[in-house]
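Participant: Sequence:
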Amino acid sequence: MIRRDDWFINLWSVNFSIEVQCLLQLGEGFCLPPHNLERITIEFIKYIENNITKSKINNKSSLRNKKKGVIISLVDRAILLSDSEFHNKNLTLIINILRDNDYPLKFIFDVINKRLKNIRVRGAAYNNQDQNSVDQVTNVSLFTVPFIPLATKKFNQFNRKDIKVSFYSMNKLQKYLKVHKDPRLRLSKNNVEYRINCNDCDASYVEQTSRQLRTRIAEHRNHIRWNTSSRSVITEHRLENNHDFNWDEIEVLDEEPCYHKRLISEMLHIKKQKNSINLQTDTEGLHKAYIPIVNKFNFV
Numbered sequence: 001m002i003r004r005d006d007w008f009i010n011l012w013s014v015n016f017s018i019e020v021q022c023l024l025q026l027g028e029g030f031c032l033p034p035h036n037l038e039r040i041t042i043e044f045i046k047y048i049e050n051n052i053t054k055s056k057i058n059n060k061s062s063l064r065n066k067k068k069g070v071i072i073s074l075v076d077r078a079i080l081l082s083d084s085e086f087h088n089k090n091l092t093l094i095i096n097i098l099r100d101n102d103y104p105l106k107f108i109f110d111v112i113n114k115r116l117k118n119i120r121v122r123g124a125a126y127n128n129q130d131q132n133s134v135d136q137v138t139n140v141s142l143f144t145v146p147f148i149p150l151a152t153k154k155f156n157q158f159n160r161k162d163i164k165v166s167f168y169s170m171n172k173l174q175k176y177l178k179v180h181k182d183p184r185l186r187l188s189k190n191n192v193e194y195r196i197n198c199n200d201c202d203a204s205y206v207e208q209t210s211r212q213l214r215t216r217i218a219e220h221r222n223h224i225r226w227n228t229s230s231r232s233v234i235t236e237h238r239l240e241n242n243h244d245f246n247w248d249e250i251e252v253l254d255e256e257p258c259y260h261k262r263l264i265s266e267m268l269h270i271k272k273q274k275n276s277i278n279l280q281t282d283t284e285g286l287h288k289a290y291i292p293i294v295n296k297f298n299f300v
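Residues 1 to 300 (the working numbering) make up the sequence shown, in order.
Calculated directly from the structure, the hints in this document are not laboratory data.
Keep in mind that this is a model prediction, so the values were computed, not measured.
There may be inaccurate statements among the hints.
[Unchecked claim] With a straight-line cut-off of 20 angstroms between C-alpha atoms, the simulated SDA-like cross-links for lysine to any residue are:
1. Lys153 x Ser166
2. Lys189 x Arg211
3. Lys67 x Ile95
4. Lys189 x Lys153
5. Lys189 x Lys164
6. Lys117 x Lys153
7. Lys117 x Ser84
8. Lys164 x Phe143
9. Lys272 x Leu105
10. Lys175 x Pro146
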């Protein structure tokens with residue numbers, strides 16, 4: 001359990017990465033290198049916040065699905081585990097029990113009718129499959145040999161009803177094709193958190209993007225030449241202080257395909273900066289309980 005404001009969050013159903021599980025099991029007395037500890041802590045916060053958000057969004061739909069599952073389970077037991085002469089009696093008993101537990105009548109009949117139809121269709125398909133399997137020869141032996149021109153053709157004479165001859169090539173493509181992928185260049189990555197450092201002071205800017213990093217950096221760099229009313233804190237810093245940023249050494253702080261986790265990671269990395277030029281609104285979604293944890297990390 002974890003406390004948040006005046007209420008508790010149950011983390012029993014939350015799925016954590018292997019690294020986070022190891023950290024929780026080892027306890028506070030176990031020491032990790034600072035880099036790993038920081039990364040694992042950020043992953044831990046991302047998992048917690050993402051699961052909290054999903055539980056809020058899916059609360060009603062999850063409850064309805066659970067009620068539906070209860071009805072399906074009862075119908076399966078009533079139909080599949082009893083003789084047909086007891087089916088009507090069992091279904092009547094199920095409906096009465098569900099009504100006593102305040103299940104909507106329309107919801108009960110919709111789920112029951114749909115499940116009964118599914119059981120009938122599945123039973124008919126199973127019976128047809130059994131009938132067809134009787135007419136087919138099931139014991140077929142497969143005989144596999146390398147494919148060699150001229151010599152391989154002689155094996156075709158062994159093809160019979162109960163024996164099938166197949167061939168495979170001895171020249172595998174793995175001799176010529178490498179299975180591993182080339183590493184992606186830093187600026188070609190997407191779904192990342194990145195930091196841009198000022199060349200003339202210790203100011204820095206952190207942001208997340210789902211697009212290619214090269215495209216987003218080009219927008220930051222060229223914004224100063226655009227005739228636009230849109231605000232850019234990077235452009236303001238360049239104009240007010242006559243500074244420029246290190247466009248060739250962009251740091252990738254995190255890679256995260258999940259949008260909500262990426263936003264959490266962005267807020268954590270913004271708070272970690274020593275001299276941030278990010279707007280205060282960029283971290284409004286970060287709960288105050290995480291600030292002391294972030295402050296324990298060394299500023300970068």
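Participant: Now tell me, hint by hint, if it's right for this structure.
Facilitator: Okay, the hints, checked on the actual structure:
1. Lys153 x Ser166: With a Cα-Cα distance of about 11 angstroms, the restraint between Lys153 and Ser166 holds, given a limit of 20 angstroms.
2. Lys189 x Arg211: holds (8 angstroms)
3. Lys67 x Ile95: holds (13 angstroms)
4. Lys189 x Lys153: violated (51 angstroms)
5. Lys189 x Lys164: violated (49 angstroms)
6. Lys117 x Lys153: violated (52 angstroms)
7. Lys117 x Ser84: holds (15 angstroms)
8. Lys164 x Phe143: Holds, at about 6 angstroms.
9. Lys272 x Leu105: violated (55 angstroms)
10. Lys175 x Pro146: Answer holds: Lys175 to Pro146 is near 17 angstroms, not above 20 angstroms.
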